[in-house]
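Student: Here's the letter readout for the chains.
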Amino acid sequence: MAEQEKLTPHSTASGAVSRRNFLGALAAAGAVAAFEQLAANPQAVLAAYEEQIVQGTLGQGRSSADLKALDVLERMRLELLRALQKPASERRWVMVIDLRKCIGCHACTIGCVAENKLPPGVVYRPVIEEEFGTYPNVARRFIPRPCMQCENPPCVPVCPVNATYTNAEGIVEMDYERCIGCRYCLTACPYSARVSDFGFTYTEELPVIQGLLGTATADDYERAPNFEYGKQYARQGRASPVGNARKCHFCQHRILEGVLPACVTTCIGRATFFGDANDPESLVAELIARPNVLRLREELGTEPRVYYLK
Amino acid sequence: MAQVVSEQKRPAAGFRLTDLIWILGVVALLIGATGMLDRLRFGLAPAAIGSYVPWGLWVSFYDYLVWLEVGSLLLFSGLVYLAHNESLAKIKPLVLFTGFVVLLMALILVAMDLGHFERFWHVYVYADFDSMITWMVWLHTAYLILLAAELFLALRGTGKGLLKVLGIVSLPLGLMLILVSGSIFGVVAARPLWNTSNLPLMFFISALASGASLLLLLVTVFWADKQSEEYTRLTQRLAQIAGWLMLGGTFIAGVLAFTILYQGGGNPQRAAALQLILAGPFWWSFWIVHIGLGVIVPVVIYFVFYKNRWLLMLGAALSVITFVAVTLNIVIPVLVTPELEGLAEAYQHQKLSLDYVPNLNEWLVVTFVFGFGALLYGLGLRFLPVLPKRAQE
Amino acid sequence: MSDKPLLPEPERSETCALSRRDFLKLSAATGGAAALLGSLPAFDQLLAAQRQALSGNSPLSAPERQIYTVCLQCNTGCGIKVKIWEGIASKIEGNPYSPWTLHPHLPYSTPVAEAGSIEGGLCPKGQAGLQTAYDPYRIVSVLKRRPGTKRGEGQWVTISFEQALDEIINGGDLFGEGPVEGLKDVYALRDAKVAKAMSDFVKRIVDEKDAEKKRALVEEFKATFAADLDKLIDPDHPDLGPKNNQFAFIWGRLKNGRGDLVRRFVLSGLGSINANGHTTVCQGSLYFAGKALSEQWDGSKFTGGQKFYWQADLKNSRFVIFIGANMFEANYGPPLRVTPITEGAVDRGLRYVVVDPRFSKVASKAWKWIPIKPGEDSALGLGMMRWMFENDRINKRFLSAANKAAANAIGEASWTDAVWLVHIKNGKPDKLVRALELGLVTRQTEQDKDGKEVTVYVTEDGVKFKFDPFVALVDGKPTPVDPNSTELPVYGDLFVDTTLQNAKGETITVKSGLQIIRESAFEKTIEEYAAIADIQPSDIIELAREFTSYGTQAVIDIHRGASQHTNGFYTSFIFFTLNALIGNFDHKGGLSKPTTYDRLGSRAKGPFDLAKMNNGANVPFGLDILRTTISYEKSTIFNGYPAKRPWFPLATDVYQEDLPSIGDAYPYPVKIAMFYMSAINYALPAGHTTIEVLADPKKLPLIIASDIFVGETSMYADYIFPDLSYLERWEFHGTHPSVTYKVENVRNPAISLPGWPMVKVYGQEIPLSFEALVLGIAERLNLPGFGPNGLGEGVPFIYPEDYYLRMVANLAFGEKEDGSNSVPEADDREVEIFLKARAHLPKQVFDPVRWKAILGNDEKLWRQTIYVLNRGGRWQDEGKDYKGDLLSNAYAKQINLYQEKTAKTINSMTGEPFAGYPRYYPPHLSSTGKPIEDGDEYAFTLITYKEITMTKARTISNYWLLAVMPENTLLMNVADAQRLGLRNGDLVRISSASNPRGVWDLRNGSEVPMVGRLKVVQGIRPGVVAFGLGWGHWASGARDIVIDGQTVKGDVRRLAGFHANAAMRTDPVLQDVTLTDIAGGSAVFYSTKVKVEKA
Ligand SMILES: Nc1nc2c(c(=O)[nH]1)N[C@H]1C(S)=C(S)[C@@H](COP(=O)(O)OP(=O)(O)OC[C@H]3O[C@@H](n4cnc5c(=O)[nH]c(N)nc54)[C@H](O)[C@@H]3O)O[C@H]1N2
Ligand SMILES: Nc1nc2c(c(=O)[nH]1)N[C@H]1C(S)=C(S)[C@@H](COP(=O)(O)OP(=O)(O)OC[C@H]3O[C@@H](n4cnc5c(=O)[nH]c(N)nc54)[C@H](O)[C@@H]3O)O[C@H]1N2
Ligand code: SF4
Ligand code: SF4
Ligand code: SF4
Ligand code: SF4
Ligand code: SF4
Ligand SMILES: [Mo]
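Protein chains in written order, with my numbering: chain A, 1 to 310; chain B, 10001 to 10393; chain C, 20001 to 21095.
What the hints contain is simulated information worked out from the structure, not anything from laboratory work.
From the three backbone atoms N, C-alpha and C, an ideal C-beta is built for every residue, glycine too.
Just to be clear, a hint being listed does not mean it is correct.
[What the hints assert, rightly or not] Ranges between beta-carbon positions, derived for each pair:
1. N10267/B / K20836/C: 54 to 60 Å
2. I10023/B / E299/A: 51 to 57 Å
3. F10258/B / E299/A: 36 to 42 Å
4. R20979/C / K310/A: 34 to 40 Å
[To be verified] Heads up, incomplete: computed chain A residues facing chain B, CB under 7 Å, no partners named:
5. R82
6. G121
7. I128
8. F132
9. C159
10. P160
11. V161
12. N162
13. G181
14. L186
15. T187
16. S192
17. I209
18. G243
19. N244
When you get a sec, could you build the whole thing from the sequences and use the hints?
Tutor: Below, the structure is given as structure tokens:
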């Protein structure tokens, strides 16, 4: 029989898992932690992994099933359910966006548009694209921009009618019925995270002709209500939210239902994380303690609740 | 002491030059009505403003009108009640009426800028006094009432004492109003070019300067006896005040611009906005309209050719008109400067664009408001005793 | 607005008297093992209580408001759940049961009641799907070209479904242009027995090699079937088949279920051989390289090669090279394949390389980007291969295993023929060496179990083979090899280059397949390869070193960028060979193949063995219009080389050949073409040439289209039948190679549009749809396989569900005859959810009583079927996809690294045989293999790619997506733009030697210029320009049309951007078709030289 030879295992130089890497892996727990265990006894799981790093055995001889017991979405959802057990004031919702994982797919943008039935010209979470470098050393970066749900939100005090405020869970909410549409908050938000609803629909002015579906049926989906703030806003005439300022609300209506925000669940890069930062065992709590964490325009003192990992 | 009395004796019929004002007003109203109708039917959709440039022509015109209104009244009250300028006091009904009309125009315009103007009363019921707009509205309301009372008294020619009290009260109120209207912008930390303590101050100086020019214009147009020495003294005085205010304001602005632009001033967004004003696509509105026609020409006239009545009128008119370039340049370039680079390309819609140029609809609404103002003003000139009459008569 | 109050929050935590600890445990249970839930009644109650407390904020989370189905916004087929509000599809989410959207997916046993608030990821197109269904331009009535107007003019009249069917069946002077034959005329040969007899005879004719005898056989045929000759296209060429073949069914995107319906309708119904798809516009050569690689020895020939390919099992790969695979923007597809890459790269230390002339989004996260010269990927591959041979970095253990027994013994599932000996004739590799010729075996006859005489081949040691076995050298000794033997392992010598004595005493030269491959790789040095591909030699070496440094957890994943070239077959072959050299097939983190549950019920022979359920299938035979069923030499129309148009013995579904062949009437004229979900003129490179045929009733007398709007191709149809959108219909979407689980995704109606027209077929109302079209024709022509006895005596095929629901039941039942592989039965709660979720559907679409009856009122099967439908498919659970280091759904067969069958196939354009081994061919050749020179004027190479927001000709209606990218752009490198004085945002015209004016001539009096906006970037190879697919429409609601005299205004949003396929090079020999890979069939997208100038 012919000589049999295993291919050389991957060289340590490029394959060694640094402690940092490892912790990264651990935190993006879909990859490392079996959540059942983590929830029951996080210290023990951590210790076990620590040992593996020290001995350099991580990733070797472990089956994939061990490594990724759960999609990180599921972990976060379970953490969400856990957080909902606490009084609202004890929760601190934060979002973390890992720019290394964001692939600029805009699924979050459209997912949000669909969830909140946003009309033309209204967007809560655009994704900004940038290119750097010179051929052939090029880089591209994608930066999703939801509302930062600032701890210290400049958009709130400027509102003359208290139509926008921070609720008990730290979400900067809108009261559509109260808003007069002065758009002062739009100018005050340093992230351009607020937009105005100018009352457009996608299907207006499209043909109504025998033989074609036509606007009458075609606009059904955009006339159906959204559920922002736990209310039902069907798009009708010039009624709110038309004429109002609008913004991302961390999908509060979903959170309270035990469902993660739409932009989180649809994120195919698994770049967007959401949870209660007050829960020390939560994924987001881990992530925002990373050295590569940053927030946008931090110098303004807005204290965003949206963190980016670089 | 020359009496300023109403011109009851004048017949109500027969064409007068001032009738042109309301006639033009009607024309403007008709032209503007289409835009206004669109505004009422489709809300803000037809306007060029969007979400990234949320304020535009209307807010700029609003501020401009506030400057004229409050600036002229402040200066007037100051000169009349504090500096006891008796000459100026003669045109009190005219000044008050002018201010009142301008104020109404300003309020209509700003109401048109609201997404839900039918809810304007929310500002009284749900007021949040952290907001400069709340202050603005409340102060403006107070000012409106005050002005209405003053005007009422002035037109009736009664209650001099009360009028004086009101006039003096209007001083701090106007001062607050102008500072608050500046603070609306000044407190916005997100927009570095606005976010300076100087902005309210600049508003104050600009308002006074524009107000001075407005007073000058009113005097040069409506003063009964333009040959009188009193007229010459008054116009010269006003020209000097206006001139110095403009020079002073421009000087301070220049110094500020220097520090902002020096080595980028440490804040690229602020520098970029200023660059836009100075060298953006609308550079001419700053250099030619504002600095050229609005400052240099009037100032030269005010200091050199002040004796020429027509030139003086021209200078004052130029100054009054071109001040809108200042408010436009305060409001718009700052907003079209991106807060986050690339945002306007990330999700595209005309309402999510940073390219803002006032569109026809916005101009039509402004035209409507001016038409309304002109109509009111013209009718007022015709039917109310606001114009000064010759002492001899 | 109704103001449902938000529940006061603090109370919530008080009402829930659940301790934190308990909760942790419980929540762990839901996620980790939802199966456990059933055994935890307390938890159920708690969750229910909690849900009640929370409800009202987002009512769409209620399971009763959700229907699970499958996305078709692109071909990835992600599981979705459609959230429904008062009958309106309100929001689409990822189906968490589907491994496409959640990684890993929910355990299949998770109760649907619990899944209401669990969602997986979807791409932006998936999110925007509502706008495909609720598109104002959707047609709701049959449109007929207005008589007296030309094709493509955009003048339509609405006619009733019945009248339309009547006209297409009976023909007549339908357009005032003279008589048109209807389907009844083309449906000539109706007697299945005659067809079968003819078909068998034709086989004899084509298999006859001698020309004289062939002619004689044709005469004999004519005599035998004298009575039925009028039913043939040409009695002198019976191998062309019956007139029935003059009906051609051409599809673009077709999925199973409907695919089964099409086969039933066209093949076994109408008896036409022409049911052809779009594979070669997609990644044809990749598929057909896969087919050649997977041909299996059946004892007499290599056969059964599957049209498929392998992809990387990314979730466990440690090193991946993506070649022409647009992972983050397209591919199959983002939700499925992105997550393992991003999480892998950041959390798991995955290292990957992207080979692409364009700096794609996936390149932006790569360890390395190789901006290769378009079409020269094979140089990179061969360079790597050379280095691996030189440095002995190949998996010798795997390669030495010469058959199944050997592979299994060393823990492998698949094996290669790398060590088998190949004859070298005149220095060229030829046939595989057989044992008999070497005298290793002798031929003997013996009696088999049934007493029949059979030939056997016996070695000296008495080992018997049923066929003349292949040969490998084992330690220098020639040894017979039975590839499929499970008892006689053979481990061959890897590199053999020697002479042997054959039985006759002659000396023959032989080499092992691996030796041939090695020599092929050694034809050029690494520097030469690097120069060809215009990359660094160090890149080649680095890639090769890394590729061989991760055991079998390294993999090369290739896609369209590699396959859609004239050398695509060989490029694909090279990269699969590289994968084989490290032996990563069937390995965790290596190459994986697609695996689905059997919807047809043949494996379990029930509950519904649908392939067999037919009341008398027709027997289609003869040559298809694409010339793929018979080889050129065998046909009676053989007429020397080059053939009039190329033949494709190694491929099928050669999309680009459909219309030119019809135009040329080669091999025969087509009378009626039916297009299904196809935008053939838009999709194809040089697609404008197809319009000449589409627009000309003389070349193609009758065109019928099924579409959801008046599309790029259907605008040329004579009749357009409205179809249901993907949210309203049935389909079985199947899987992709990268999915390691055994799966089936079931598309089923989630909504029915208000007022959607219902039509009568076989006396019953069903929604106007593709099914209605097929059933309507079948009813009128009385086609076998349809109607009251369509599925066998007394078993009707009248409703779409008669067919599709049985398929679901088959999936539910599983693949074991005893039913041991079936899914659980839906409990009462699940049944309740099932019914409530569908309560908004009209009876014609959903009728539980009728449905249950279809399943024979078998309560158990009904509940099992509900179980599958409630989840939108069936999927193997996480973890079950591996057995140790191997995939449990392994390919587990032979991989042909040396392909005798390919080597014996003649290229109809050159008369030369194809090479049976991976080797270098330059790209951009004519159909006769000649280089194409277009001159310096055409300085840029045009390539194309997909943007994440667009799918071809069908998402322009999705306005949400247009906000992200209102139009496409032409990407150009900064350096090129500077040189040409072009600036970002400039409008530029794209033209080429075969389209010097740079326009689409629509043949209706209008032209669409290929003028687009330039985007100047660093991220593209200089000299290359690229455009994204999906814009530049001239139909699909982009332009005005007239229906019943009323103008339907086009929507400018749909007119945006440009489409540059018409610039792509036509073949200099054939003129009327794109460049083609004659071996693999691919249409060529990435090698045209174009001029870019300011418009
Ligand atoms: N958004 C979106 N996704 C889709 C689809 C869609 O229409 N839109 N369609 C689906 C379908 S049907 C398919 S077939 C798949 C296709 O999936 P892919 O084949 O992965 O996607 P394409 O964008 O067609 O890929 C072509 C890639 O090859 C690159 N390329 C071009 N020329 C060359 C070359 O010569 N060499 C190399 N190495 N690379 C080259 C292009 O820049 C591009 O990145 O996508 C599926 N997913
Ligand atoms: N430039 C460029 N061209 C390409 C590619 C590329 O990357 N770049 N990619 C190629 C690839 S990978 C492929 S697979 C081909 C695809 O090419 P095709 O399969 O021909 O095109 P599709 O756009 O998928 O669908 C075609 C048409 O079907 C109709 N349709 C849409 N929905 C429905 C429906 O629900 N029912 C029915 N009956 N009809 C419907 C519409 O008219 C639509 O235009 O395009 C190829 N063309
Ligand atoms: S990001 Fe803007 S809108 Fe959101 S809270 Fe902060 S200031 Fe307000
Ligand atoms: S737009 Fe509405 S929310 Fe914003 S400041 Fe004005 S009133 Fe407040
Ligand atoms: S949290 Fe919700 S509202 Fe905010 S961006 Fe995400 S999807 Fe939109
Ligand atoms: S969905 Fe995720 S990966 Fe896609 S753009 Fe948004 S954050 Fe990035
Ligand atoms: S990749 Fe996107 S468009 Fe394609 S099937 Fe999946 S969700 Fe639908
Ligand atoms: Mo494709």
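Student: A separate judgement is required for each hint: does it hold in the structure or not?
Tutor: Here's how the hints hold up against the structure:
1. The hinted range of 54 to 60 Å is satisfied by N10267/B and K20836/C, whose Cβ atoms lie roughly 59 Å apart.
2. Taking 51 to 57 Å as the suggested C-beta distance range, the pair I10023/B and E299/A conforms, at roughly 56 Å.
3. Taken as a hint, the range 36 to 42 Å is violated for the pair F10258/B and E299/A, whose Cβ atoms sit roughly 23 Å apart.
4. Between R20979/C and K310/A the CB atoms are about 35 Å apart, so this pair conforms to the stated range of 34 to 40 Å.
5. Given the 7 Å rule on beta carbons, the hint for R82/A is violated: about 34 Å separates it from the nearest Cβ of chain B.
6. Nearest Cβ of chain B to the Cβ of G121/A: about 4 Å, under the 7 Å cut. The hint holds.
7. Satisfaction of the interface hint for I128/A is found here, the shortest Cβ-Cβ separation to chain B being roughly 4 Å, below the 7 Å cut-off.
8. For F132/A, the suggested interface contact is broken, since its CB lies about 12 Å from the closest CB of chain B, more than 7 Å.
9. Because the closest C-beta pair between C159/A and chain B is about 6 Å apart, less than 7 Å, the hint holds.
10. With 7 Å as the threshold, the beta carbon of P160/A comes within range of chain B, its nearest partner Cβ sitting at about 4 Å, so the hint holds.
11. Residue-level restraint check for V161/A holds (minimum Cβ-Cβ distance to chain B is 4 Å; threshold 7 Å).
12. The interface hint given for N162/A holds, since its Cβ lies 5 Å from the closest Cβ of chain B, which is under the 7 Å cut-off.
13. For G181/A, the shortest C-beta to C-beta distance to chain B is roughly 2 Å, which falls under 7 Å, so the interface hint holds.
14. With its C-beta approaching chain B no nearer than about 4 Å, L186/A sits inside the 7 Å limit, and its interface hint holds.
15. The restraint placing T187/A at the interface with chain B holds, with a minimum CB-CB distance near 6 Å, inside the 7 Å limit.
16. Satisfaction of the interface hint for S192/A is found here, the shortest Cβ-Cβ separation to chain B being roughly 5 Å, below the 7 Å cut-off.
17. For I209/A, the interface hint is violated, the least distance from its beta-carbon to any beta-carbon of chain B being 24 Å, above 7 Å.
18. A hinted interface residue such as G243/A counts as satisfied when its beta carbon comes closer than 7 Å to some beta carbon of chain B; here the least separation is about 3 Å, so the hint holds.
19. Hint on N244/A holds. Least Cβ distance to chain B is approximately 6 Å, under the 7 Å limit.
The earlier numbered hints that this structure contradicts are 3, 5, 8 and 17.
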